[in-house]
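Turn these sequences into a full structure, and let the hints steer you where they fit.
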Amino acid sequence: MTDSLIIAGRKFRSRLILGSGKYASFELMVKALQASGTDMVTVAVRRVNLTDRATESLLDHIDTKKYHILPNTAGCYSADEAVRTAMLAREVLDNNWIKLEVIGDEKTLFPDNQGLLEATRELVKEGFVVLPYFNDDLIVARRLIDAGAAAVMPLAAPIGSGLGIQNLTNLKILREQIQEVPLIVDAGVGTASDAALAMELGVDGVLMNTGIAGASDPVAMAEAMNLAVRAGRLACLAGRIPRKLYASASSPVTGAIE
Amino acid sequence: MTVIVNGNQTVITEGSAIGELIKSLDLNPELVAVELNRRIIRRADWDSTTISEGDRVEIVHFVGGGEAM
Numbered sequence: 000m001t002d003s004l005i006i007a008g009r010k011f012r013s014r015l016i017l018g019s020g021k022y023a024s025f026e027l028m029v030k031a032l033q034a035s036g037t038d039m040v041t042v043a044v045r046r047v048n049l050t051d052r053a054t055e056s057l058l059d060h061i062d063t064k065k066y067h068i069l070p071n072t073a074g075c076y077s078a079d080e081a082v083r084t085a086m087l088a089r090e091v092l093d094n095n096w097i098k099l100e101v102i103g104d105e106k107t108l109f110p111d112n113q114g115l116l117e118a119t120r121e122l123v124k125e126g127f128v129v130l131p132y133f134n135d136d137l138i139v140a141r142r143l144i145d146a147g148a149a150a151v152m153p154l155a156a157p158i159g160s161g162l163g164i165q166n167l168t169n170l171k172i173l174r175e176q177i178q179e180v181p182l183i184v185d186a187g188v189g190t191a192s193d194a195a196l197a198m199e200l201g202v203d204g205v206l207m208n209t210g211i212a213g214a215s216d217p218v219a220m221a222e223a224m225n226l227a228v229r230a231g232r233l234a235c236l237a238g239r240i241p242r243k244l245y246a247s248a249s250s251p252v253t254g255a256i257e
Numbered sequence: 000m001t002v003i004v005n006g007n008q009t010v011i012t013e014g015s016a017i018g019e020l021i022k023s024l025d026l027n028p029e030l031v032a033v034e035l036n037r038r039i040i041r042r043a044d045w046d047s048t049t050i051s052e053g054d055r056v057e058i059v060h061f062v063g064g065g066e067a068m
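Residue numbers (numbering that gives the first Met the number 0), protein chains in the order written: chain A, 0 to 257; chain B, 0 to 68.
Just so you know, these hints were derived from the structure itself, not from any lab.
Any given hint could turn out to be false.
What the hints assert, rightly or not - Simulated pairs of lysine-lysine, BS3-like, Cα-Cα distance not exceeding 30 Å: (1) Lys22(B) to Lys64(A); (2) Lys65(A) to Lys21(A); (3) Lys106(A) to Lys171(A); (4) Lys65(A) to Lys30(A); (5) Lys10(A) to Lys64(A); (6) Lys22(B) to Lys65(A).
To be verified - A short, non-exhaustive set of chain A residues, derived as facing chain B with CB atoms under 8 Å: (7) Ser19; (8) Gly20; (9) Tyr22; (10) Val42; (11) Ala43; (12) Arg45; (13) Arg46; (14) Asn71; (15) Val91; (16) Glu100; (17) Ile158; (18) Gly159; (19) Asn208.
Here a beta-carbon is modelled for each residue, glycine too, at the ideal position from N, C-alpha and C.
What follows is the structure, given as structure tokens:
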């Protein structure tokens, strides 16, 4: 397919972005990444564990020539913390992309929109390509875009919940109203049909982690998500038929035997 | 002298530079980022930046993660 996802001028073949957390092993993660067809992987920033040196580094396992690394500020609860984390992340691979999270509540992991805006402004000023995770609010999306976000990434349901698309109407409105930057569903996808549905709504991409890493067979689910994202995208571009209440025969009504 | 590395009290040689600390910890310099007293030290400056008694050093790397953990 020549239909690629473009964020901040960078082209991606796949419209699926994967998280790298919660896998039972690095080996399983690598296989899932391959099966998913993705070319962008998000990673978290944490202290090196200096007491347990047995832990290998994630980047020993991810081919950074094959995958664009998208560091994230997962687990940050303030704009300051998120900005600090982003600045550190930039140093590791000299990569100025950041998936920005400023979490406002531990139970729901809903974003703190005010902190998010503050951090977006600061990081854009610092030269970052900022991809914020936010709730599905149109006004917040517009403010993030005004602040310089390179894409906006609404949740479809709480992070890690696997509830699927719980906000169809808001996502449809966002799709209609947001044309300036890519719109990427981030969080909530539980199975392949959720990903297909999101893509059929016309969003530009889907980011997921738990839906794949938490499946009984992550590699098979990664392949399912790969197909679902592509199927949903194709269906969206193909243009679905209008919904009608009553039947409409698909065979000719003339020439039937009497 | 004693410094705080990733929250733990650590004894290192007097006048050590960041680069020496990374080397002594056997870390791959290409895969980590460093803060000294909350100020980021770029890789190019590791060898010219010395650590003083009581300084706080943070050494981070990438780990598996997608969303808020």
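How the hints compare with the structure:
no.	hint	result
1	Lys22(B) to Lys64(A)	26 Å, holds
2	Lys65(A) to Lys21(A)	21 Å, holds
3	Lys106(A) to Lys171(A)	27 Å, holds
4	Lys65(A) to Lys30(A)	13 Å, holds
5	Lys10(A) to Lys64(A)	14 Å, holds
6	Lys22(B) to Lys65(A)	28 Å, holds
7	Ser19	4 Å, holds
8	Gly20	4 Å, holds
9	Tyr22	6 Å, holds
10	Val42	4 Å, holds
11	Ala43	3 Å, holds
12	Arg45	5 Å, holds
13	Arg46	5 Å, holds
14	Asn71	6 Å, holds
15	Val91	5 Å, holds
16	Glu100	6 Å, holds
17	Ile158	4 Å, holds
18	Gly159	7 Å, holds
19	Asn208	3 Å, holds
Checked against the numbered hints listed earlier, the structure breaks none of them; every hint is satisfied.
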